[in-house]
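With the hints as your guide, set chain B onto chain A.
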Amino acid sequence: MSPNIQLNEDGSLRHLLSLDGLPARILTQILDTAEGFLSVSEQEVKKVPLLRGKAIFNLFFEPSTRTRTTFEIAAKRLSADVVNLNISASSQSKGETLLDTVANLSAMHADMFVVRHSSAGAAHLIARNVAEHIRVINAGDGRHAHPTQGLLDMFTIRHYKGGFHNLRIAIVGDILHSRVARSQINALTTLGCPELRVVAPKTLLPHEVEGMGVHVYHRLEEGIEDVDVVMMLRLQNERMQGALLPSPQEYFKYWGLTPDKLKLAKPDAIVMHPGPMNRGVEIDSDVADGEQSVILPQVTYGIAVRMAVMSILAGN
Amino acid sequence: MQLPDPNELIDRLAEQIRPSLSPECALVGIHTGGVWVMEALAERLGADLPRGSLDIAFYRDDFSRIGLHPVVKPSHIDFDMEGRRLLLIDDVLYTGRTVRAAMNQLFDYGRPAAIRLAVLVDRGGRELPICADFAGLKLDLPDDRHLSLTRSADGRLGFVQGAA
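Protein chains in written order, with full-length UniProt numbering: chain A, 1 to 316; chain B, 1 to 164.
Isolated chain A (complex conformation) (with noise of 0.2 Å):
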């Protein structure tokens, strides 16, 4: 096996764990046949047959509606047969372990799991432990890496945009307990952007955040100024209560994106969201509706992505 879990021997896509590591082509590979996908939402059957016959697990150690229903529309529109499972709330609680969970389902015949689970590193023990036929995709893993969410961001940017050598993005929020971004600094940065920013409070930014090649801002109306891309991150309620920040107001007031801050970004400047958004606390109602706002075709793109990832995992 390749050095990199990831990747088979002759270098095609295995599994998908994380961006770090992973090289421009297959980033790029994925990107474009998404943009294949994109087409099967405007059939009358929304549905293409590559994966009829497959059985994809999504395996949810933690709850999250939004991601494991992309992931599921994603599967079922390639004609897979999908079974969810919220396993905090059955096997886990009886004490059995994350691998017996996962041999248990592996003799249930699966040919993909979709991990989503609190620890960091989860979904790797799990691409380690399985059988030679069967795909581990990361839908989120603590707060280490959530790969489909950085390749739906590189996908909306690269469609609004056309590319990434010419662009100046900002990423705005909670940079330290945010997977997200980890996605998306090593996947901007491996496809060629030229200018990353991340704008946070201090508190709110990793210690190695310097060795991640990117500019850091402690002030927002520095760090928009004149991007083409602002990458807003959701603000954690529970942060607030760790003592990292004063109020939400106060963070709204500091670090929220209002109509008149985004004035300072280039005039055809893109935002961005993950979701789900605290309208008010990082981000302004009027910017999150406005009309440089890409925040629900980020949604619908997310689909063609996954299945993007999908199918060309159930290729290799």
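These aren't lab readings, by the way, just hints derived from the structure by calculation.
In this text, a Cβ means the ideal position worked out from N, Cα and C, and glycines have one as well.
Careful, some of the hints might be misleading.
[Unchecked claim] The calculated EDC-like cross-link candidates involving lysine to aspartate or glutamate, where the alpha carbons are at most 16 Å apart (straight line), are: (1) Lys47/A - Asp20/A; (2) Lys266/A - Glu221/A; (3) Lys138/B - Asp5/B; (4) Lys161/A - Asp228/A; (5) Lys73/B - Glu35/A; (6) Lys46/A - Asp78/B; (7) Lys253/A - Asp228/A; (8) Lys46/A - Asp5/B; (9) Lys76/A - Glu44/A; (10) Lys263/A - Glu291/A; (11) Lys161/A - Glu35/A; (12) Lys76/A - Asp108/B; (13) Lys73/B - Asp32/A; (14) Lys47/A - Asp108/B; (15) Lys73/B - Asp228/A.
[What the hints assert, rightly or not] To spell it out: a stretch of chain A is covered by chain B in this simulated footprint if at least three of its residues, at any positions, have a beta carbon under 8 Å from a beta carbon of chain B; those stretches are: (16) 31-41; (17) 47-56.
Frame of chain A, contents of chain B only:
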């Protein structure tokens, strides 16, 4: 084997198709060569007919053996399929599997009134009960030979032959 100029075959194909055209007709080309033929045919036929294009990569029956085609183009069918008499167009008709996949895909856009098949070259070798209604050229090519249409940067069409 010396093949005629593709443009001559498209002229021939257009003359075969012309008498059967009606306002309900629409042209659908199969990526990539079929779309080139469709564009050239539409120019010759002169009729303002709706046009669409299909990439059948997601409908291939050999996905489980060879995986996904590396370059997939979006399909575009921007007209209502209901009641349409479709002319499905491809460059080379061989086993019939591509046409079968294209028909499966077309029915996922709706129920056309009829589908007829036009190809630039029918090279024989069918593996499915499919035949062309219109063909610019019919020939028997052995299974170990490859034939496809190409288009140069300046838009000129040509054939490529070789070992399969």
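Q) For this structure, which hints from the list above don't hold up? A) 1, 7, 8 and 15
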